[in-house]
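Undergrad: Sequence:
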Amino acid sequence: MPTLGSLPADKPDLGLTFAWPQNPAGYHKTTVTGLATLSLTQLLEGRQCPLQVGTLVLVTGRTPFRLRGQIADALETLLRQMALQRCAAIVITGQSGAHQPFPQPLRDLSDELAIPLMTTTAAPERWLDLHEAIHNDLLARAEHRAAQLNMLIQQLPAQLADTKAMERIADWLAQTLDAQVMVSESERVLAASPATAAEHLAHAIIRQSVDGAGYDGPSAAHTHLISLAPATGADTVLAVARRTPFDEAERRLLRHGAKILGLVDQARREFRVTSEASHAARMAAAELLLAGEPAKARRVMATLTPGLLDPDTARAYILETTAALRDAVVRRCHAAVKGRALVVADPRHAGRVLIVNPVRPDRMVETSVAGDLVRVVAGLGQGISLGGSGIYSLSLVADAVDEALTAQRFATHQPDSVALSAQNTDLVSLLPEDESQQWAHSLLHPLMHKAEQWIPLREALPAALAYPYTVAARRLSLHRNTVTRRVARAADLLQLDLSKVTNRVAVGLALELVTQRDAPERSETLTPPVAPTLPSLLAAPPIAAWASILLRTARDDRRALLATAQSWLSHDTHIESTARALELSEVTVRSHLRAVEEHMSRDLASMAGLRDLLFALHIETGRPEITDSCAALRAA
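Under UniProt numbering, the first residue of the sequence shown carries the number 1, and numbering increases by one thereafter.
Don't read these hints as lab results, they were simulated from the structure.
Some clues are possibly wrong.
With beta-carbon atoms standing in for the labels, derived distance ranges [to be verified]: (1) Leu113 - Lys164: 46 to 52 Å; (2) Gly379 - Val189: 36 to 42 Å; (3) Gly307 - Glu435: 32 to 38 Å; (4) Pro103 - Pro245: 34 to 40 Å; (5) His479 - Asp556: 45 to 51 Å; (6) Pro245 - Leu44: 38 to 44 Å; (7) Pro12 - Lys259: 42 to 48 Å.
Remember, predicted model here, so these are calculated numbers, not experimental data.
For each residue, glycine too, the CB sits at the ideal point set by N, CA and C.
Whenever a hint applies, use it, and build me the whole structure from the sequences.
TA: Listed below in structure tokens is the structure:
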């Protein structure tokens, strides 16, 4: 925008000069925001012209050599009107030279009203270009300010309680105003842009808080302190400083920014109060659930998340992380489960998050919360693990948490750091890797030392050990006699009776280890002189915990399910001999075995299900006994 100081130099054809005051330097920076013209006749008639802040009033028509009488009175009236609107200056058309057209009373009034008196020697039409230039400049500035306000509105977050909102708005103000910006409370800085702004603006904030007045330091003219919520007494302050003064438009933009920051600050405070109350309610509900008081927990959660604890059954999950990351993990879990589970920071452990997922009886296989939590773990990367429980009565949440804790310890041994329950935990992943490989290679060494012998046996044995030979032959696309010969050859080389279930399970586990869990080149070359035994592998603490959890619900069943399972395994999975030994009907034996499958979530017709039952019973009760029956498989 042009100023009273720049116009004479930028528009020399106007012949514009200051007639009064004698030293006009103090008016050189006055901005000219518009041009209003008034003819001498209109002036004498008392006509009004549109006036606003910064208007330059041009009186057209040749004025007398000296302004007296009616003209002087009319100019005095006009000057008083201009002062009310804070206009820039008045210009009359006069003659060139050192002549002073304004009488002393008008000059005194000019000093009193702080409106300079100017003259021009140009014809009125010469001023049209200035009028158009000012209009275009005002239009451009208005469009620029509108764009700035639009950009400022766009800085508003989708949620006012967004923790990054203040920082983004401060960054935008700093960039737009080319200034240092800080938002602070009495105890801390909430946002600063650039990062060094706090160092430069801290003194201004301290002076205001101590003296209760504005900052009057070296750069006081270019520093603004704005309370974001003066009506509520909040102590949040916006501080802005730069090397050059702010113009009126920039100060308005700053006030708009302060209003938006005030809204964000108010939302932040209200969110913090609500969040603290919500956190306290969730913690109280969790403590009541752990204490076996689901009815009281429901009442606590009734207003916070209606219906969340209505189901009578639930799963528990434990998410282990570091104390420094726990609050962030809690927020991530809250966002992931979206009101479908109770998420709290475990007060008993600084790095633990507890999640209780109520499950309705008609949705026992629901896994959406588990899947969301697994994605949280995957997104956070290393240093975090997740364990889950089976489905428990809501009054037994403490037991579900104990199972989830055990599963979480299993999770640290898993590639994805997740073990949703003992039922979903892979036994092989819990075995000590090096020792289990040594044991497997030692057991299978008689089969592996010749490649031409090992390859056909490796292909046939997994299916032949798991299924009847007829079924295995069909799955392998071999003749039944071929399968029989290969199994007999393997039994002879291993010196094992492969009709016994314990031997079949041991060989099946060894085959899985060397064919699926190991690099191919090792499976033909590794032959350690001394190998661990299978009982010693199963003695690892994580496996003992796995076995206890796996059999827990079957053990609590009023039927003697585990006794039936032990007898069935001892009789090499023959139903008839098991029934005779237990003096039960075959129907009852089969019913007991189906119940065991349901409790363990295992298929006992598969090698993996049979293996997990056999090992879990051996670990828990010592039966069936697992012993080595050849030199390569020594007893522990």
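Undergrad: Each hint needs a verdict: does it hold in this structure or not?
TA: Taking the hints in turn, this is what the structure says about them:
The supplied range of 46 to 52 Å is met by Leu113 and Lys164, whose beta-carbon atoms lie about 50 Å from each other. A beta carbon spacing of about 30 Å between Gly379 and Val189 contradicts the range 36 to 42 Å that was offered as a hint. Checking the proposed 32 to 38 Å range against Gly307 and Glu435 shows it is violated: the Cβ atoms sit about 50 Å from each other. Our hint of 34 to 40 Å for Pro103 and Pro245 holds, since their Cβ atoms are close to 36 Å apart.
The given range of 45 to 51 Å is respected by His479 and Asp556, whose C-beta atoms sit roughly 47 Å from each other. Separated by about 40 Å at the C-beta atoms, Pro245 and Leu44 satisfy the suggested range of 38 to 44 Å. Taking 42 to 48 Å as the suggested C-beta distance range, the pair Pro12 and Lys259 conforms, at roughly 44 Å.
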